[in-house]
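2 protein chains.
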Amino acid sequence: MINIALLGFGTVGSGVAEVFSENRDLIRSRTGFDFNIKYILDLREFPDHPLGSRVVHDFNIILNDPEISIVAEMMGGLHPAYDFSMAALKAGKNVVTSNKAVVAAFGPELLREAADRGVRYLFEASVGGGIPIIRSLTELAAGNDIFEIAGILNGTTNYILTMMFKNGLSFADALASAQALGYAEADPSADVDGFDTCRKICILTAVAYGTLIPFEKVETIGIRDITAEDIRAAEAQGCSVKLIARAVRTPDGIYLKTEPMAVRKTNPLYAIEDVFNGILIRGNVSGDLMFFGKGAGKLPTAGAVVSDILDIPARADSQPHRQLWVRDESAYVPELPKELLDRSLEELGIPLGKKARC
Amino acid sequence: MINIALLGFGTVGSGVAEVFSENRDLIRSRTGFDFNIKYILDLREFPDHPLGSRVVHDFNIILNDPEISIVAEMMGGLHPAYDFSMAALKAGKNVVTSNKAVVAAFGPELLREAADRGVRYLFEASVGGGIPIIRSLTELAAGNDIFEIAGILNGTTNYILTMMFKNGLSFADALASAQALGYAEADPSADVDGFDTCRKICILTAVAYGTLIPFEKVETIGIRDITAEDIRAAEAQGCSVKLIARAVRTPDGIYLKTEPMAVRKTNPLYAIEDVFNGILIRGNVSGDLMFFGKGAGKLPTAGAVVSDILDIPARADSQPHRQLWVRDESAYVPELPKELLDRSLEELGIPLGKKARC
Numbered sequence: 000m001i002n003i004a005l006l007g008f009g010t011v012g013s014g015v016a017e018v019f020s021e022n023r024d025l026i027r028s029r030t031g032f033d034f035n036i037k038y039i040l041d042l043r044e045f046p047d048h049p050l051g052s053r054v055v056h057d058f059n060i061i062l063n064d065p066e067i068s069i070v071a072e073m074m075g076g077l078h079p080a081y082d083f084s085m086a087a088l089k090a091g092k093n094v095v096t097s098n099k100a101v102v103a104a105f106g107p108e109l110l111r112e113a114a115d116r117g118v119r120y121l122f123e124a125s126v127g128g129g130i131p132i133i134r135s136l137t138e139l140a141a142g143n144d145i146f147e148i149a150g151i152l153n154g155t156t157n158y159i160l161t162m163m164f165k166n167g168l169s170f171a172d173a174l175a176s177a178q179a180l181g182y183a184e185a186d187p188s189a190d191v192d193g194f195d196t197c198r199k200i201c202i203l204t205a206v207a208y209g210t211l212i213p214f215e216k217v218e219t220i221g222i223r224d225i226t227a228e229d230i231r232a233a234e235a236q237g238c239s240v241k242l243i244a245r246a247v248r249t250p251d252g253i254y255l256k257t258e259p260m261a262v263r264k265t266n267p268l269y270a271i272e273d274v275f276n277g278i279l280i281r282g283n284v285s286g287d288l289m290f291f292g293k294g295a296g297k298l299p300t301a302g303a304v305v306s307d308i309l310d311i312p313a314r315a316d317s318q319p320h321r322q323l324w325v326r327d328e329s330a331y332v333p334e335l336p337k338e339l340l341d342r343s344l345e346e347l348g349i350p351l352g353k354k355a356r357c
Numbered sequence: 000m001i002n003i004a005l006l007g008f009g010t011v012g013s014g015v016a017e018v019f020s021e022n023r024d025l026i027r028s029r030t031g032f033d034f035n036i037k038y039i040l041d042l043r044e045f046p047d048h049p050l051g052s053r054v055v056h057d058f059n060i061i062l063n064d065p066e067i068s069i070v071a072e073m074m075g076g077l078h079p080a081y082d083f084s085m086a087a088l089k090a091g092k093n094v095v096t097s098n099k100a101v102v103a104a105f106g107p108e109l110l111r112e113a114a115d116r117g118v119r120y121l122f123e124a125s126v127g128g129g130i131p132i133i134r135s136l137t138e139l140a141a142g143n144d145i146f147e148i149a150g151i152l153n154g155t156t157n158y159i160l161t162m163m164f165k166n167g168l169s170f171a172d173a174l175a176s177a178q179a180l181g182y183a184e185a186d187p188s189a190d191v192d193g194f195d196t197c198r199k200i201c202i203l204t205a206v207a208y209g210t211l212i213p214f215e216k217v218e219t220i221g222i223r224d225i226t227a228e229d230i231r232a233a234e235a236q237g238c239s240v241k242l243i244a245r246a247v248r249t250p251d252g253i254y255l256k257t258e259p260m261a262v263r264k265t266n267p268l269y270a271i272e273d274v275f276n277g278i279l280i281r282g283n284v285s286g287d288l289m290f291f292g293k294g295a296g297k298l299p300t301a302g303a304v305v306s307d308i309l310d311i312p313a314r315a316d317s318q319p320h321r322q323l324w325v326r327d328e329s330a331y332v333p334e335l336p337k338e339l340l341d342r343s344l345e346e347l348g349i350p351l352g353k354k355a356r357c
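These protein sequence lines map, in sequence, to chains A and B.
Anchor point for the first sequence: position 162 equals 161 in numbering that gives the first Met the number 0, and the numbering is continuous, going up by one each time.
Anchor point for the second sequence: position 53 equals 52 in numbering that gives the first Met the number 0, and the numbering is continuous, going up by one each time.
Be careful, since some hints might not be right.
Each pair may be met inside one copy or between any two copies, as identical chains are not told apart.
Below, computed lysine to any residue pairings styled on SDA-like, alpha-carbon distance capped at 25 Å [what the hints assert, rightly or not]:
#, residue 1, residue 2
1, K165, E346
2, K297, I1
3, K165, G237
4, K165, T265
5, K37, D144
6, K216, T265
7, K216, E147
8, K264, E346
9, K89, A313
10, K165, L340
11, K297, F45
12, K264, I60
13, K165, G286
14, K89, G181
15, K297, I36
Derived by calculation from the structure, the hints in this document are not laboratory data.
Nothing here was measured: the structure is a model prediction, and the numbers come from that model.
Here chain A stands alone, though its shape is the one from the complex:
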């Protein structure tokens, strides 16, 4: 029996409980292990939930219980999520997370601490929801010179752009539709201004190259200024407008940017619609690979957390392609060299929009 603790019982946390409950027999038969959610840390009580009696409000109960070998952090926000994660690692517990803010801000420290303690810090759910992109990219990067990553990493903005493209809505009306469906927050800034996407491409870049570029440095343009006319003009050129995050390895470092682009019909990202995410990876050995799936939502994201949890006992005492990241803003290249820009315009499409920073 492997005892785990969930930190946060919102959408993702309750989804993790649901996956372990729904797929209990399958998980036992496929992994050979039983998993028990021993504690749920949340400020609230959940008296009507079958696991309501597992709720605790003091993190020290989890930290001091030697039976807890895995902590799943799904609280959101930097603090106390980071502090609890670091404390759990220092106590020799494995930590998995869906919290991209923490990974993008403190990945180097958390991965180093995990390595020093002989435990693991895993974050499959931080990018791409149910798409197994972190694990795939980790393994691809081991033997493959990856020269470009380009992706649609935010389902909310892709839904808005799809509504504008397909139904001719204005940005404001498409945003209202996304909010009505629960895809966008009341304050949509993290999504529509590209900050969420920016953090995700910084994480993917760190996975591919071992270098975390501080997200505050990275030029990021959101979709707030995209008009119905921009969409029609792109369509007239055989393109669809997408919020594209890109990382390109250049001779001087890593070019990184998030910006709306008119993507050509010949590029596989053209057809990614609604709340789906798509991630294109180009390597010198693999050629072009694309991963496509639900980038958000309760069960896909919870499933990614669960896959990290299941991976821990399966690989006890091993550290496949251990991640250790260096934070290095000097590796940041703000402009693409001309020959790479020309190739990119040919293969991907045309940048749109105005400047902002995340």
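Given chain A, work out where chain B should sit, using these hints.
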């Protein structure tokens, strides 16, 4: 230093040597290991190749060398590829392979032997070329109830169908074009009659469910009888013709089939063109996921072999979600239940073509 032996120095084997040579520094820095190709088993000599001196003609040299911990089998054909693989496992060596024929025929025995000896038998390169589908599906299947796998698994037939669709060629002319480009063999039967695809879907099914259905049982229809008129009729309905392999979990077992289908524009497999492969996986937790990339070719396939090789020292003494397959023809369901058929016609498309068996 990790010493490896390559069995077979054709397209894939020489590609593996090229990847280790081209990406040597990257592999050392990402994995922490140096890999040395100590032997190459082939009937031929390669006096002009930098590794020409490593060529041997007697497998026993490899088998009896305790320095060899990893054997990469890329010979093709069932024998002696199977026999050499089994002998290597029995000698306590890890085996990786690109040989789908061996995996589809003898997977249960080879995986069992590897488990009993505490070594690994890996076969990422057997399906989907450079797409990391075996590893992704293995991990997805651990916590996710997978109810359908549908894919374009053969680049040669997809190239032929793309030529017919885009350029209006007949089957015969499109096949001749594929042969001229080296995409199809002089005897194209394994590709165009669907036998290659059939073996690959049997492997994916075994990865997902642990049950290997003997490929001889599985209904398989190739593309030889597809006419330009079939392509035009599909196009008139907003579809493109693809050779689709499918596995669907039903209450009575596993439905499996390879057949040409008119795939709807709304399905992500619609847009997979040329020699690319695409694999759609539907799970109760992950939702729909698609993986897309070069399904064949020297470097993508060699890269998949290399990724398996790199994985072995990284996970010494661990067996992530160990595969053990049962061969079970009674699990085979030859017809889809009506409600699943209706859903499938809605979401995927319409089957075409005449019957055959692989």
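Do the hints match the structure? See the list:
1. K165 to E346: Answer is both; intra-copy 23 Å and inter-copy 20 Å each pass.
2. K297 to I1: within (23 Å within a copy, 43 Å between copies)
3. K165 to G237: Answer is both; intra-copy 14 Å and inter-copy 17 Å each pass.
4. K165 to T265: Both: 19 Å inside a copy, 13 Å across copies.
5. K37 to D144: between (42 Å within a copy, 24 Å between copies)
6. K216 to T265: Neither, since 31 Å and 39 Å both go past 25 Å.
7. K216 to E147: Within one copy only: 19 Å inside, 43 Å across.
8. K264 to E346: both (10 Å within a copy, 22 Å between copies)
9. K89 to A313: Answer is both: 22 Å inside a copy and 23 Å across each meet the 25 Å cutoff.
10. K165 to L340: For K165 and L340, neither the intra-copy (29 Å) nor the inter-copy (29 Å) Cα distance is at most 25 Å.
11. K297 to F45: Result: close within a single copy only, 18 Å intra versus 56 Å inter.
12. K264 to I60: neither (54 Å within a copy, 53 Å between copies)
13. K165 to G286: between (31 Å within a copy, 23 Å between copies)
14. K89 to G181: neither (37 Å within a copy, 56 Å between copies)
15. K297 to I36: within (18 Å within a copy, 46 Å between copies)
Hint violations for this structure: numbers 6, 10, 12 and 14, all remaining hints satisfied.
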